[in-house]
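Undergrad: The lines below spell out each chain.
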Amino acid sequence: QLQLRESGSGLVKPSQTLSLTCAVSDASMNSPDFSWNWIRQPPGKGPECVGFIYWSGGTYYNPSLQSRVTIALDRSKNQFSLHVTSVIAADTAVYYCARGRGVWFGVMDVWGQGTPVTVSS
Amino acid sequence: EIVVTQSPATLSVSPGERASLSCRASQSVGINLAWYQQQPGQTPRLLIYDASSRATGTPARFSGSGSGTEFTLTISSLQSGDFAVYYCQQYKTGQMYTFGQGTKVEIK
Numbered sequence: 001q002l003q004l005r006e007s008g009s010g011l012v013k014p015s016q017t018l019s020l021t022c023a024v025s026d027a028s029m030n031s032p033d034f035s036w037n038w039i040r041q042p043p044g045k046g047p048e049c050v051g052f053i054y055w056s057g058g059t060y061y062n063p064s065l066q067s068r069v070t071i072a073l074d075r076s077k078n079q080f081s082l083h084v085t086s087v088i089a090a091d092t093a094v095y096y097c098a099r100g101r102g103v104w105f106g107v108m109d110v111w112g113q114g115t116p117v118t119v120s121s
Numbered sequence: 122e123i124v125v126t127q128s129p130a131t132l133s134v135s136p137g138e139r140a141s142l143s144c145r146a147s148q149s150v151g152i153n154l155a156w157y158q159q160q161p162g163q164t165p166r167l168l169i170y171d172a173s174s175r176a177t178g179t180p181a182r183f184s185g186s187g188s189g190t191e192f193t194l195t196i197s198s199l200q201s202g203d204f205a206v207y208y209c210q211q212y213k214t215g216q217m218y219t220f221g222q223g224t225k226v227e228i229k
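First to last, the sequence lines map onto chains A and B. Counting with my numbering, you get residues 1 to 121 for the letters of the first sequence. Counting with my numbering, you get residues 122 to 229 for the letters of the second sequence.
Calculated directly from the structure, the hints in this document are not laboratory data. If you're wondering where the values come from, they're calculated on a predicted model, not measured in any experiment. Please note: incorrect hints may appear among the correct ones.
Stated by the list, open to error - Residues from chain A that face chain B, not an exhaustive set, calculated with beta carbons under 7 Å: (1) Gly46; (2) Trp104; (3) Trp111.
Every residue gets a Cβ at the ideal spot worked out from N, C-alpha and C, and that includes glycine.
For reference, chain B alone in the conformation it holds in the complex (with noise of 0.2 Å):
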């Protein structure tokens, strides 16, 4: 199984700043990562796949890089819908898709 790190835990961010999310992959993925939004009590919503592709209605402010083992999701300018948990997702040809433990993204 493919363990899936994330760092930190929690991160304190004002409104408008910028917010930087780490993912770390026990193996290579390549670019097979995904990043999801979760609002307090609902679904997660899908934000980036593939590493750096923006999903249907996510907004510019949202970006994903990295490829292997390292990755980073960035929000520009953080606003008030944006306050959440943050979850990657590796989905390696061949093997079980496995998530991250979240990041929180508060307001400081």
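Next comes chain A alone, as it looks inside the complex (with noise of 0.2 Å):
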């Protein structure tokens, strides 16, 4: 059964940079089938994309945060990242990784259990 996990800074002061890993735990990336998500959630609210990475390397960004969103992939390792730079109070969120399948991949089948991310000075 798939499992992904991420890990990364919990804390970020407003200005730097929010890094995090997600490690997948099968063959999946290996797969056109999938895509490869970062979701975020704030407190009290619904989730939102952050952006997505397909198998071949493509990548789609939240149109809002595309400015300062890069999602990668890293095969060798079996895990995908996201870094947000120059992040303000407002992208204070859990942040969930996901895979995406069928229609334009955006079914999300399998989540990450989430990390919560501050953004304090």
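Join the two chains into one complex using the hints; note that each chain is given alone, in its own frame.
TA: This is the structure we're talking about:
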């Protein structure tokens, strides 16, 4: 059974860079059937797409975050990463990694446990 | 961006009763809609995809319906583990996927 596990900085100062990694437990990353997603959920709100990366390495970023976000694959380590530069208080959220499948790879069938990130000085 | 609106924000239901949750998209998404359940402090869990297909492990008391802009999640007979927040999500081809703000199902 596929498992995803996030790791990374839980407290980030304003204007600095948020960095997270998601470890993938099986060989799904080698399949063209899936996308690899970062989704965040601010306190008390619904989830929000941050962006995702395909098997091919192609990426899609939320237009509201596009200038600050980078998602990358590392097949040698079976993981993918998220970097958000110039963070502000509004970036405070629980960050999830998730696997997407199906139409437009939009069905999130497996999620990580989530990691809380707080932006504060 | 396609806006997804859920109603009501909170639904109070007694155990054993039926619950109907609504989800509306700001433009047609066909059947590209999913439902997720989130328990307090837990990760969202996929329940329904493609508007009406149950995900692996989803009990038969959960059913999804609708197409275009109007969708419904029905829980036929609420059990204790069903009291949670439910989110719908659209994933129309070529558009960024977006989630609703959630419906909290609480014990009446």
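Undergrad: Against this structure, judge whether each hint is valid.
TA: Hint check:
Here the hint on Gly46 of chain A is kept, as its CB sits about 4 Å from the closest CB of chain B, short of 7 Å. The closest approach between the C-beta of Trp104 of chain A and any C-beta of chain B is roughly 5 Å, which is under the 7 Å cut-off, so the hint is satisfied. Contact between Trp111 of chain A and chain B, as hinted, is supported at the beta carbon level, the nearest pair being about 4 Å apart and thus within 7 Å.
The structure meets every hint from the earlier list without exception.
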